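Please model the entire structure based on the sequences and the hints provided.
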Amino acid sequence: MRKLLLASTVLAGMTAVAAAADLPRRAEPPPVFTPVPVFTWTGFYAGFNVGYAFDTGRQQGNAFVIGPPFAPAGTIATFRNDSQDGFTGGGQIGYNWQLTPGSGVVFGIEADAQYLDFGRDRRAAVITGGPLAAGFSVVDPRGLSSLDFFGTVRGRLGYAFDRILVYGTGGFAYGSGSTDRSFGGFNGNDDFRTGWAAGGGVEWALANDSFLNFFRSSAVTFKIEGLYVSLDRGTRGQGAFIISNATNTPVVFNAVGQRDDEFAVVRAGVNYKFGSY
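Taking mature numbering (1 follows the signal peptide of the UniProt record, and there is no 0), I'd label the letters of the sequence shown as residues -20 to -1, 1 to 257.
Hint data in this document are derived by calculation from the structure and do not stem from the laboratory.
As the structure is a prediction and not an experimental result, all values here were calculated from the model.
Every residue gets a Cβ at the ideal spot worked out from N, C-alpha and C, and that includes glycine.
One or more hints might be untrue.
Pairwise CB distance ranges (calculated) [unchecked claim]:
#, residue 1, residue 2, range
1, Leu137, Ala93, 17 to 25 Å
2, Gly255, Tyr32, 30 to 38 Å
3, Ile144, Asp65, 46 to 54 Å
4, Val250, Thr36, 24 to 32 Å
Shown next, in the form of structure tokens:
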């Protein structure tokens, strides 16, 4: 009887093992992939820039006939045309909207304020037709004139190739300079003008872990930009034109000159973007 029970137990065990071998294997769970966020230019940004500005405007002045007793009849005095270039630097803020993440159309708005090193020395004048009488000098009464700063408020429209943005820009511009009249009791004055600006550039979004990301922003971008700025031409009375060397007393001719402030800017900048990734 014991042998029969033992044989039955062994047979049942073998049958269970055989049945388990015929069962399908349990499928392993599929691998889990974490999606990489698609970069977007949408968001607020702020940054700084440095560059160089090239003055393309010219100081234009009328010719003035100087007669006796200051010079022989027919003597003509004119302002000197001049232009300069210089360093520029400042900061910008703005906001971008991208229609589709990754690659797609990007539009936005940007405002910037810039220091501009445009100093001018226009004291000299050109005399033709005869020498001045002894004891008199021809002087540009504005003395030292400069364009000290400018700023813009512009729209931007471009196309993003993932982390590279190519764009055009244009809008409102403003600027101000100072005039130091250094003789005859004439005081200096500030000159504020408005106009327009247009240009374009290329902007590249660096890796999020860039060493430049000091503020832990969602992205750091580097840009190269060209801008052309035109400020309204001003026409103004120049006041004294000939002075007495002995008394430093001006003789008023009510001279009129025009100043055309137009300049091109090439600059590089860094932006820190906050907001959507």
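To see whether the hints hold, each was checked on the structure:
One distance hint, 17 to 25 Å for the beta-carbon pair leucine 137 and alanine 93, holds here, with the actual separation near 22 Å. Separation of glycine 255 from tyrosine 32 is about 31 Å and conforms to the stated range, judged on CB atoms against 30 to 38 Å. Range check, isoleucine 144 to aspartate 65: Cβ separation about 30 Å, and the 46 to 54 Å hint is violated. Between valine 250 and threonine 36 the CB atoms are about 27 Å apart, so this pair conforms to the stated range of 24 to 32 Å.
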